[in-house]
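The lines below spell out each chain.
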Amino acid sequence: MDGAELELFAQTLRRATASRTGAALDAALEEVGWQDALAVDVRAAVSMLFELQGEANAASSALDRVVLSGLGLELGSTAAVVLPPLGRWSPPGELDGTHLYIRGLGTAALGPAAGIFSMARSRWSLGASKSDTLLASRKTALVVARTGDREVAVVVTAADLTLRPVRGIDPWLGLVEVTGDVFGAGVQPEPVPTKWASAVALGQLALGHELVGASRKVLELAREHALQRIQFGRRISAFQAIRHRLADTLVAIETADAMLAAAWQDRSLQAAAMAKALAGRGARMAARHCQQVLAGIGFTTEHPLHRYVRRVLVLDQLMGSARTLTRELGAELLRTKKLPPLLPL
Amino acid sequence: MDLDEFRASLDRWLEESGAALAPAYSGLGTLDERMAQLAKVKRLTYDAGWMRWGWPERVGGLGGSTLLRAYLGEALTSRDLVDPGSYSMTEVLAPTMIDYARPELAAAMVPRLLRGDEIWCQGFSEPGTGSNLAALSCRATRADDGWRVTGQKIWTSFAQYAARCVILTRTGSAESAHKGITALFVDMDTPGITVRPIEAMHGATEFCEVFFDDVSVPFERTLAEVGQGWSVAMDLLPYERSVALWHKAAYLHRRLDEVLHRTPPDALDAAALGEVTQLLYAFRARSRATQHRLAAGEPLGPETSIDKVLVATAEQALFDLVADGLAADVTIGDDPESERWRAEFLYSRAATIYGGSAEIQRNIIARRLLDLGPEG
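Top line first, the protein sequences correspond to chains A and B.
First residue of the first sequence: 1, per this note's numbering; consecutive thereafter.
First residue of the second sequence: 1, per this note's numbering; consecutive thereafter.
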């Protein structure tokens, strides 16, 4: 896509993410051809959508598409993907003969139906009714599983899975906890064109952009507040303690953003993991600093901040948290005594 | 000459010229030895043409993108052939001359700096003006035959080696702040100049006090217009935070690699190692974009304060890692290698102080990038 097309596409995505979430956003993405964009220009499609999604605190099942694309697979638009369990990046399945053991998470694509989702945006709690669960059971999901030293893909029906709609700290994200123990004729392993690790790397980039988008929004909220709130006869934005917290937040965001850009150029697994870790750490720092600046109002549900504080905590955990990815990078370096290749000038 | 061609042929030349370029000392060396090494490397790279790429032809350069300069510095610092701090002063001083000196003066002087025939210094800070540069008081008054400069500078790096100095002087009233500052190009052998090196914590006498006592400077050594010194200072800051920081980062990557290989088993915490690596790679990513913006002729501004905060953070984090991973070298070792690690650890403590302190950088970010309005 060229400059003008990108700009137009960004505007379309901004409109979609600003007003929709869950199944409604999925439908809007389908309508605007986001999946086609993903096939044509993966970087533009992923970076734009996920940054906007993070900024708007919207949720979609686009991460499923990203993982599928990373695996080099194309499935029908209803197929969902089982993601790794919280905090992990290994494949969610273990295959032993025809016995498939599944532990992971799913996005809204495996979640309860659309209506619940659009309501959930303005509602504190989220519950799945029996009919929603029934609807979900007709869906299929792709599970990547390890078997010996190979990786295979297995398509299972949602009926084979135990799906727990997650309320948790961020009910608006619409995650689903997935467990399954499937065996017999239903288990038909297929080879995967690309390694799972590549799909994870692409997913990490998407999540990194989402974290950066959320961080930018959080900083904007804190900045607006600092410029309006008067104490001791001054705007609190005049106090250096406030200014430096916000400056540090911007540095953390730009650091993650720069690493994301480098990871897109470099396309190595290590660069993607580094970018995700920096984005996760930066977003948690943004949440901490900006919550402090927003103080009392930021601790209420009358202000949007809490939604971002919640979102950031969960996104940090998906496909490896800042803490675990950082420790793993260090451990790998100690093992191999080899630094990742440097991106040339 | 494009970057890929430059990179390939320079790498080949550096390979072939390894013995000629290598320092004559092991470990840290004395400051005299290091300055001689700097002069040698600059001369060899200038004579072979490499040092001339990326600089305009009117000052002895061969033209081409600033990326070539960035890569040359990366190649030299990552091979430990030069210290990034002293080497990269060219990146600040030469653009100042090119942009603001009379063309004949720039044409006569810049090649001496590039070729390493001369070392130059930069006299900005004063005892009473650390972070608050606009309050400087070193005075230049008009006489019939030129300026008379009286006052004091401090933290002037390598002044005891320098043949010339770019100084900022007060030519307006004491209250004129940034409007009454003029930049001058001064010969360091002019009568009335006294240099007193200060021994710094890391053992080197790289920083100096420079005293000016009725020092005569010809009018044609004025850089930019009278009263435009503040713009001169502001315009060179982006250079200080672009190409020079890229060189610094290449050196930090080399040290990270060395720590990884030299550290005894179990001496490094995996999480700390991982975090330092992420910071250095992220800095490289950030700075790479800055290099390309500079090369494309885009104006660099306050956003380079982010580069500066990030590289200082990364440098200190790296040397905190060194203090754990190579604890014996840093704390009790007395061999040349240990002395180098110790000096570099100590020097890293200043990374958030020099070149605009970490607080000043955050003030710039708050004011200019976040648009938070005035402080206080």
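Hint data in this document are derived by calculation from the structure and do not stem from the laboratory.
Nothing here was measured: the structure is a model prediction, and the numbers come from that model.
Beta carbons: idealized from backbone N, C-alpha and C, even for Gly.
Careful, some of the hints might be misleading.
Claimed, not checked - Label-pair ranges, simulated between beta-carbon atoms:
1. HIS178/B - ARG234/A: 44 to 50 angstroms
2. VAL40/A - ASP335/B: 34 to 40 angstroms
3. SER90/A - ASP269/B: 33 to 39 angstroms
As the list claims (entries may be wrong) - Away from chain A, derived, C-beta distances all over 12 angstroms, residues of chain B:
4. GLY130
5. GLY203
6. ASP266
7. THR277
8. PRO299
9. ALA343
10. TYR347
Do the hints match the structure? See the list:
1. HIS178/B - ARG234/A: 44 to 50 angstroms: 25 angstroms Cβ-Cβ, so the 44 to 50 angstroms window is violated.
2. VAL40/A - ASP335/B: 34 to 40 angstroms: violated, 59 angstroms
3. SER90/A - ASP269/B: 33 to 39 angstroms: For SER90/A and ASP269/B the Cβ distance comes to about 24 angstroms; the hint is violated.
4. GLY130: holds, 17 angstroms
5. GLY203: Nearest chain A Cβ is 29 angstroms from GLY203/B, so the label holds.
6. ASP266: violated, 9 angstroms
7. THR277: violated, 6 angstroms
8. PRO299: holds, 18 angstroms
9. ALA343: Fine: 23 angstroms to the nearest Cβ keeps ALA343/B off the interface.
10. TYR347: Given a closest Cβ separation of 22 angstroms, the condition holds.
In summary, the numbered hints that this structure violates are 1, 2, 3, 6, 7.
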